[in-house]
Structures are given as structure tokens and as C-alpha cells.
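There are 2 protein chains.
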Amino acid sequence: MFNKIEHIGIAVKNLESANTMFNQLSSLGILKTERVESEQVLVSFFQVGDSKIEFLQPTSADSPIAKYIEKYGEGIHHIAFTVDDVAEQLERLSKAGFELIHTIPKAGADNKIIAFVHPKSTNKVLVELCQDSTV
Amino acid sequence: MFNKIEHIGIAVKNLESANTMFNQLSSLGILKTERVESEQVLVSFFQVGDSKIEFLQPTSADSPIAKYIEKYGEGIHHIAFTVDDVAEQLERLSKAGFELIHTIPKAGADNKIIAFVHPKSTNKVLVELCQDSTV
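In order, the protein sequence lines correspond to chains A and B.
Quick note, in my numbering, the first sequence goes up one by one and the last residue is 135.
Quick note, in my numbering, the second sequence goes up one by one and the last residue is 1135.
For the record, the hints were derived by calculation from the structure and aren't laboratory data.
None of these values were measured; they are calculated from a predicted model.
The C-beta atom is built at its ideal place from N, Cα and C for all residues, glycine as well.
It is possible that some hints are incorrect.
As the list claims (entries may be wrong) - The following label-pair restraints were derived from C-beta to C-beta distances:
hint	chain 1	residue 1	chain 2	residue 2	range
1	A	Ile101	B	Ser1027	38 to 46 angstroms
2	B	Glu1099	A	Asp85	40 to 48 angstroms
3	A	Lys13	B	Glu1099	16 to 24 angstroms
4	B	Lys1124	A	Ile30	18 to 26 angstroms
Can you make the complete structure from the sequences, with help from the hints?
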């Protein structure tokens, strides 16, 4: 079961200007920034209530986020939902016929264990499943 | 200030199949459905933690959602944030240089007072401000 919206991921060309924009828009301060080598992105997080807004800036042309921006431009990239057990959810979703990008959970940003469901199965919405790796 | 993510709006061609998909994906039941005549949409809501997922299906070819789907296909359409006072936020954002779609709050779905900020100003993210009209 999905417990909450963990974050919404937004692809941007320039993290610094996105941070300035969102700070002005929301009147919220930035929570933290992080470099995720595996995805070749710099990310920033803003806490909004019980969820986060995550901005992702590619650090190389090979980054999945660079390819996304090249194809679609900047904008909302994915929705991440918190679940208790990513592996269990992947098994359930696979049986239900959902197409999975990751069939095995992997390490993500923000100390999370994650996996993505393919947007083909979800009305073109890229869905991330998240579980705290510290639990 | 933004208090929380009120909902994420997702444009779909067929509300019934989107509801079935999201119920299977999330293991959550549908909260409610509603027809919004002013926007020519049928909408459904799922409660996920402190936020909602809103699916929007156009009821006519003139609906803004029909035009969005024609141009971009199905997918995430907007993010709505809860604020205490939409009018006050619009004034603040206008002064800060944000381009507004609505300069005056209007009635939206789910008993909310709403207004949209133009995606030009927000890294191509369509942002909705929401305030409970019952408060």
C-alpha cells in the first residue's frame, strides 16, 4: 500500500536558479542538496508538509535527466510514494501486470531504497517506490 | 507560505481505467469523484497520506485538459499546494515577478478556492494554489 507522497521530482537545467525560484514561490527554505553519482544528478530537496519537492539537475549529458530534458524540456519528472517494503510491492505489481523499470530495489538519493514503475503502465506517470533504508 | 502538497493533478483520457489502474497500483480506494462544469472535466480523488492524487478526464474537446492531452498526451498536469490565503499569495507572487494565470482566486473542485501560476515562471511546472473554502 502507498503510505504517502514522499516527493515530486522536477527536472531542471540549473539547480541554483530552480532553488531560488522555489524559495520565492513557496517561502520555504531549502532542506538539503545531494549529488547522486549513479544517476549523474545534483538534487535539492524542499520539505512541504509531509512531502518533499526534489529538483534534479543533470551533471553530464549521459544522465537520464539530461536525456529527459532534451526530449521533453524541464518539468515534473516523477512522483515518489512511500511504501513499507519496496521488494514486496514490486512482486505484487509484477503479478498485477505492471511493467517495472527495476525488478530489484536499489539505493537512491536521501538514504532511500527505491524502484521505478514504467510509465507505460501508469497513464504516462513515472512512479517511484521509496522505503527508508535506515529502518 | 506553502503548507503542504494538496494534490497532484494527472490528465487522463478515461477516468474509469485510470481509477482501476491507481487502485491496483496503490492498493488505495477511491475517495470521491466530481464533475467540474467550469473546467469541463470529470475528476476522481485518492487520498495518499496527507495529500491527494487527482485524475482529470475531459468531458468536451474544449476542456483545457482535452487540449493538454492533445498537445502533450496523458500525464502529470499540475501540482497543487495548500496555502492559508490564496489572494494574499497572488499579491505576494505578482510583486515577486511570477506570471499568474489567475490574478483573482476562483472556485475549484473539492470545495477549494484556487488560482494557477503560469509554468513560464516555475521551470515549466503548472502550480495551483488551494485554500479550503469552508474555513
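Hint check, failures only: 1
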